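Engineer: Next come the chains, spelled out residue by residue.
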Amino acid sequence: MSGAPEHDAVEATKEDSILTEAARAARSSGGGGGGGDDARANGGGGATLRTDKCTIRFGGLVAVNELDMDVHEGEIYGLIGPNGAGKTTIFNLLTGVYKPTSGEIHFQNKRIDGLRPYEIASRGVSRTFQNIRLFPSMSVLENVMTACHIHAKQSLFDAVVRTPRFGRDEEEHREYCLELLGIFDLARYKDEGGTSLPYGNQRRLEIVRALATRPKLLLLDEPAAGMNPSEAMDLMALIRKIRDRFGLTILLVEHNMKVVMGVCERIQVVDYGKSIALGLPEQIKNDPKVIEAYLGD
Amino acid sequence: MPTFVKRLLFAVLVIAALFALNAMLSTQGLFGFGLDDYYGRLLTFIGINVILAVSLNLINGFTGQFSIGHAGFMAIGAYASAYMTVYHAPGWELALAGMVGADAAHVLIFVLAIFIGGLATALAGLVVGIPSLRLRGDYLAIVTLGFAEIIRIVILNIDKVGGATGLTVPGYTNFVWVGVFAVITIVIVHNIVRSDIGRALVSIREDELAAEAMGINTTRYKVLSFVISSAFAGIAGVLFAHYNKFLSTADFTFLRSFEIIIMIVLGGMGSITGAILGAAVITILPEALRQLPTVGLFGQEFNFADLRLVIYAALLIVIMLTRPQGVLGTREFGMNWLRRAQKRPEGDEAVGADTGVSIAERDTTPTADPVEEVKNK
Numbered sequence: 000m001s002g003a004p005e006h007d008a009v010e011a012t013k014e015d016s017i018l019t020e021a022a023r024a025a026r027s028s029g030g031g032g033g034g035g036d037d038a039r040a041n042g043g044g045g046a047t048l049r050t051d052k053c054t055i056r057f058g059g060l061v062a063v064n065e066l067d068m069d070v071h072e073g074e075i076y077g078l079i080g081p082n083g084a085g086k087t088t089i090f091n092l093l094t095g096v097y098k099p100t101s102g103e104i105h106f107q108n109k110r111i112d113g114l115r116p117y118e119i120a121s122r123g124v125s126r127t128f129q130n131i132r133l134f135p136s137m138s139v140l141e142n143v144m145t146a147c148h149i150h151a152k153q154s155l156f157d158a159v160v161r162t163p164r165f166g167r168d169e170e171e172h173r174e175y176c177l178e179l180l181g182i183f184d185l186a187r188y189k190d191e192g193g194t195s196l197p198y199g200n201q202r203r204l205e206i207v208r209a210l211a212t213r214p215k216l217l218l219l220d221e222p223a224a225g226m227n228p229s230e231a232m233d234l235m236a237l238i239r240k241i242r243d244r245f246g247l248t249i250l251l252v253e254h255n256m257k258v259v260m261g262v263c264e265r266i267q268v269v270d271y272g273k274s275i276a277l278g279l280p281e282q283i284k285n286d287p288k289v290i291e292a293y294l295g296d
Numbered sequence: 000m001p002t003f004v005k006r007l008l009f010a011v012l013v014i015a016a017l018f019a020l021n022a023m024l025s026t027q028g029l030f031g032f033g034l035d036d037y038y039g040r041l042l043t044f045i046g047i048n049v050i051l052a053v054s055l056n057l058i059n060g061f062t063g064q065f066s067i068g069h070a071g072f073m074a075i076g077a078y079a080s081a082y083m084t085v086y087h088a089p090g091w092e093l094a095l096a097g098m099v100g101a102d103a104a105h106v107l108i109f110v111l112a113i114f115i116g117g118l119a120t121a122l123a124g125l126v127v128g129i130p131s132l133r134l135r136g137d138y139l140a141i142v143t144l145g146f147a148e149i150i151r152i153v154i155l156n157i158d159k160v161g162g163a164t165g166l167t168v169p170g171y172t173n174f175v176w177v178g179v180f181a182v183i184t185i186v187i188v189h190n191i192v193r194s195d196i197g198r199a200l201v202s203i204r205e206d207e208l209a210a211e212a213m214g215i216n217t218t219r220y221k222v223l224s225f226v227i228s229s230a231f232a233g234i235a236g237v238l239f240a241h242y243n244k245f246l247s248t249a250d251f252t253f254l255r256s257f258e259i260i261i262m263i264v265l266g267g268m269g270s271i272t273g274a275i276l277g278a279a280v281i282t283i284l285p286e287a288l289r290q291l292p293t294v295g296l297f298g299q300e301f302n303f304a305d306l307r308l309v310i311y312a313a314l315l316i317v318i319m320l321t322r323p324q325g326v327l328g329t330r331e332f333g334m335n336w337l338r339r340a341q342k343r344p345e346g347d348e349a350v351g352a353d354t355g356v357s358i359a360e361r362d363t364t365p366t367a368d369p370v371e372e373v374k375n376k
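Line order of the protein sequences matches chains A and B. In terms of numbering that gives the first Met the number 0, the first sequence has 191 at position 192, counting the first letter as 1, and numbering is strictly consecutive. In terms of numbering that gives the first Met the number 0, the second sequence has 338 at position 339, counting the first letter as 1, and numbering is strictly consecutive.
Calculated directly from the structure, the hints in this document are not laboratory data. Predicted model, so just to flag it, every value in this text is computed and none were measured. All C-beta atoms in this analysis are idealised placements derived from N, C-alpha and C, irrespective of residue type, glycine included.
Facing chain B, a subset of chain A residues (Cβ under 10 angstroms, in silico): (1) Pro116; (2) Ala120; (3) Thr127; (4) Phe128; (5) Leu133; (6) Pro135; (7) Ser136; (8) Met137; (9) Glu141; (10) His148; (11) Leu155; (12) Asp157; (13) Ala158; (14) Glu169; (15) Arg208; (16) Thr212.
This is chain A alone, in the form it adopts within the complex (with noise of 0.2 angstroms):
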């Protein structure tokens, strides 16, 4: 393990504002250098997501071996791979389950690698996951409602004594809940199940329920998984839809090529723990590394 990370505190600065002025705020506050929309030009702007020679082994195995990632300010970024290439992982590095064995991760220019997930999560850095994990009791809005915790400015006392400031707050959360489920079409489920829903608005429960966390950075864990080639479409067009509305960066791993040459502005491609290409969507096609990692030689 490497020597104790300097922490900065987290930055106490929280938009609490509606939908269109969190989006402003994200696009102005992120990446320190970042220059807002003309990051998502390949190369231009500054990264807000870096890992610098990231490792994690697992005893003998290396799952992670010396990940360099750059991601910018307000792009789709990719990240695909044969099966076990450790994908997930990274992913599970990035939000703090794991913490690496070596090398560094920086988001914002603040080094968050061996902080809790939940530390991660209030700096702005919000996922969903392979296998769903909504909160299964919990109906579609408790669901989003439970994700707007960072952002809750009652107390236990409020709560208990409920003073004017927990209606008040609640009332906030719940507007705004209702609004991003509005976006989604799921609204009208609101007071339903979460887990009693389809299997593709499951899906986008979950990245509503991310979004509620207002972050800066979303990771998508295989959001297409079991989606058939129409409700694809219709999420490609969603995750531009919110990396727009948001001002989000998005990093997304996902195994329908489609969706992810559709969709990604660069893509990153790993196999064995390594990374073996980057590039535009059109390079990463054609590259030989890349077509031997996935059909073998």
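We have chain A; now place chain B onto it with these hints.
Structural biologist: Frame of chain A, contents of chain B only:
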């Protein structure tokens, strides 16, 4: 402010009802209606058990951390407050009586005792909770059980609080005290559960990894819920000690912990009304069994009350087979529940039925009373 008035009215009504009940339990009775002292005892124990079950439900039912050490925390509250009321209260009460009168001094001293019992138990909960809540499932259950036994054995060896011979305690508790604290417990747990903190707690039960990824400091909230739960167990201990007027560690064995567990498993883990129901049933059950005639079996006379543990076990098995989530599961019994049950036959509120209505029009009427709002869930 209408909410404020509503709450005040609620409090006044509750206290009035409790005093009326208390008067009925006294020797004179209320307007000629009197209840046997036996029922007074039963009601008081139901109240104490409601406090225990509802508070245990916060950590076991809502947060999903299976703790079976509630009796240990009850013991800490009981003994900490008894230490005060036995050794210090008589002098303090006399001094206070000179200033505010005997009755007020009596009340103040007991409020202080409850405060001390609750605080001591909350601190114990913090000390026990921080290390043990790192564990999950069976391990947590075993560790909390172990801690409860340690607490009991330690108390058993402190001669100052009676040790093995027990301790005689002044009788401060009456039915009104128990009723007021039962209502306070229910209101506080209800308000916590229906808040941002409550959602955080339930999310820990549902999926700890996802909860953490949504920015919830799961360790902190587990400990918080454990501490609150312990504090109420301590208060129940204080009330129990000063009602029973005699304390012995035999009252706080793991059997007591299991009894509380059975209450919430029976009523529904994650349901406040379920816990209340469970507490009432488990308190009344042995008494009801006592009314039954004895039976001869294997050439021996059996009293049903003596068989209560066997009957608990059978009851639990039946519940586990037919309704594993408990009678109420995670639902709450309330006016809304009744209303919905009535409405159902006429046509379920179909999901698609309201597609035409925009979200803006739906359900935007902010209900003034948060309790009402909660019931709309």
